[in-house]
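2 protein chains.
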Amino acid sequence: MTYTDLFQLIHRKRSFLCIGLDSDITKIPDHLRKLEDPVFEFNKSIIDATIDIAVAYKPNLAFYESRGIAGLRCLERTMNYLGSFQDEVFTIADAKRGDIGNTSAQYAQGVFNTSLSGFNFDAVTVAPYMGEDSVKPFLTFPGKWVILLALTSNKGADDFQVVQTGNKRLFELVLERSKTWGTNKNMMYVVGATRAEMLKDIRTIVPDHFLLVPGVGAQGGSLSEVARYGMNNHCGLLVNASRSILFASSGFDFAEKARAEAMTIQAEMETLLKSHKLIC
Amino acid sequence: MTYTDLFQLIHRKRSFLCIGLDSDITKIPDHLRKLEDPVFEFNKSIIDATIDIAVAYKPNLAFYESRGIAGLRCLERTMNYLGSFQDEVFTIADAKRGDIGNTSAQYAQGVFNTSLSGFNFDAVTVAPYMGEDSVKPFLTFPGKWVILLALTSNKGADDFQVVQTGNKRLFELVLERSKTWGTNKNMMYVVGATRAEMLKDIRTIVPDHFLLVPGVGAQGGSLSEVARYGMNNHCGLLVNASRSILFASSGFDFAEKARAEAMTIQAEMETLLKSHKLIC
Chain A
65 MTYTDLFQLI HRKRSFLCIG LDSDITKIPD HLRKLEDPVF EFNKSIIDAT IDIAVAYKPN
125 LAFYESRGIA GLRCLERTMN YLGSFQDEVF TIADAKRGDI GNTSAQYAQG VFNTSLSGFN
185 FDAVTVAPYM GEDSVKPFLT FPGKWVILLA LTSNKGADDF QVVQTGNKRL FELVLERSKT
245 WGTNKNMMYV VGATRAEMLK DIRTIVPDHF LLVPGVGAQG GSLSEVARYG MNNHCGLLVN
305 ASRSILFASS GFDFAEKARA EAMTIQAEME TLLKSHKLIC
Chain B
65 MTYTDLFQLI HRKRSFLCIG LDSDITKIPD HLRKLEDPVF EFNKSIIDAT IDIAVAYKPN
125 LAFYESRGIA GLRCLERTMN YLGSFQDEVF TIADAKRGDI GNTSAQYAQG VFNTSLSGFN
185 FDAVTVAPYM GEDSVKPFLT FPGKWVILLA LTSNKGADDF QVVQTGNKRL FELVLERSKT
245 WGTNKNMMYV VGATRAEMLK DIRTIVPDHF LLVPGVGAQG GSLSEVARYG MNNHCGLLVN
305 ASRSILFASS GFDFAEKARA EAMTIQAEME TLLKSHKLIC
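First to last, the sequence lines map onto chains A and B. Okay, so the first sequence: first residue is 65 according to my numbering, each after it adds one. Okay, so the second sequence: first residue is 65 according to my numbering, each after it adds one.
Keep in mind that the hints were calculated from the coordinates and are not lab data. One or more of the hints may lead you astray.
The list makes no distinction among identical chains, and a pair is therefore deemed to hold if it is satisfied within one copy or across any two copies.
Unchecked claim - Derived lysine-lysine pairs resembling PhoX-like cross-links, with alpha carbons at most 20 Å apart: (1) Lys219 <-> Lys200; (2) Lys243 <-> Lys219; (3) Lys243 <-> Lys232; (4) Lys108 <-> Lys98.
Produce the complete structure using the sequences and hints provided.
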């Protein structure tokens with residue numbers, strides 16, 4: 065999916081909501097457990113309940129890998145189902161991969177080359193620690209995106225990401241160096257909503273890139289703060305919520321409650337898009 | 065496997081060789097391709113040819129994930145086969161994972177909890193960028209190890225790992241901060257052999273930890289330099305070779321040639337262990 069396609073999708077759905085399919089099998093409603101693939105049925109219901117208001121879905125691969133082959137098959141089913149919506153969704157493999165060049169090339173096949181791996185994500189999250197040659201192999205796939213970790217939403221981000229390196233913090237160095245590896249048409253950055261005040265500094269370095277912003281919802285970040293400092297003239301934001309939507313209810317009404325929660329967020333997003341004159 | 069068990073294994077095999085099972089399906093011998101699971105047959109032959117002289121095996125998960133479910137099944141078969149050697153091998157999931165706490169906990173299940181995921185590795189490689197809470201969930205499994213990236217063997221290591229942060233370089237800060245998260249009994253570090261001269265500095269920070277050292281062989285690092293600066297009184301080294309062993313020949317004699325290459329390395333290791341008075 066291109067930069068323009070993504071912006072048009074945001075425009076059409078009046079939303080920049082990404083739903084994180086962190087579908088922990090121990091947290092899904094009990095009544096689904098008797099089904100053959102409970103997590104797939106859960107994901108399908110969540111997708112059906114939110115497809116008109118979410119622009120992106122982001123399965124975190126950890127929640128599937130934890131169950132080995134059964135988990136991977138569930139992820140494959142989920143991705144096939146999302147594939148049936150074609151250009152109506154942007155899909156992100158939240159995998160935080162990264163390795164030496166020839167190995168990153170293999171990881172890229174794993175998420176982008178459907179004929180080899182069965183997966184055809186639009187984007188993958190990548191960790192920057194190993195540098196340029198660990199990231200570039202992911203950038204060789206036309207129409208695909210790298211979403212590089214810059215400033216994450218967790219407490220541990222303080223350990224290394226914000227340490228001072230010369231006249232800038234490490235996450236700023238990551239942004240500065242990496243933005244030359246690709247363009248704003250094939251790279252995005254992860255910036256946690258819990259660090260919204262730093263978005264102003266981030267926008268001075270990468271004004272035109274999309275930012276994937278986790279941490280709204282269960283992790284406590286503020287959507288209006290994120291939009292205030294992070295929104296650009298192509299929106300430039302995909303804001304992710306996972307647990308607050310997925311597990312809004314543990315009962316038979318889980319999908320309905322998930323939709324209600326997603327609609328609350330989408331309504332606020334619509335207001336923000338209007339106030340930035342990106343939609344009428 | 066405990067620290068003591070690992071040292072005894074090194075002692076017994078007179079070797080600190082780790083073989084990286086980066087078994088690229090496009091590079092294995094042609095005659096294996098007609099078999100049902102060519103990569104598993106390849107791995108099994110490599111293991112059989114080297115089990116008496118290699119202390120560890122390290123499948124890089126990228127080479128399996130690239131082939132989706134078929135790849136994961138092949139990895140499961142390979143790990144089950146390695147499991148039949150029980151305490152005679154140390155197994156490493158080279159996965160370079162790391163995410164926010166609750167997600168890293170899922171990744172840990174994926175590599176350590178055999179009843180859930182089918183996998184029962186002894187260790188997993190983890191990326192440090194997301195800090196303490198991204199690493200700690202892996203440390204809650206008794207007898208299991210985290211191998212944290214410190215200084216990698218690729219060119220991209222220069223981009224961030226060696227940048228100055230205050231009076232130390234980033235990889236030194238990673239070592240200093242992270243060594244308090246666990247102990248030398250459940251943490252190791254990745255240090256590339258192509259940076260052997262930096263091992264001296266590294267040993268001032270983590271004198272007693274095991275180091276997993278890739279980059280000998282195809283990547284050009286020197287084993288004697290690594291031992292000179294990195295060996296401690298429990299050896300403290302697992303030196304990895306992948307491509308130089310796996311693809312020593314592309315013919316029917318691939319396993320024999322792999323063994324010959326592994327024996328050359330093991331012989332040098334035996335000499336180094338003797339000269340450090342760790343074996344007689």
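How the hints compare with the structure:
no., hint, verdict
1, Lys219 <-> Lys200, "between (28 Å within a copy, 12 Å between copies)"
2, Lys243 <-> Lys219, "between (25 Å within a copy, 18 Å between copies)"
3, Lys243 <-> Lys232, "within (15 Å within a copy, 25 Å between copies)"
4, Lys108 <-> Lys98, "within (16 Å within a copy, 38 Å between copies)"
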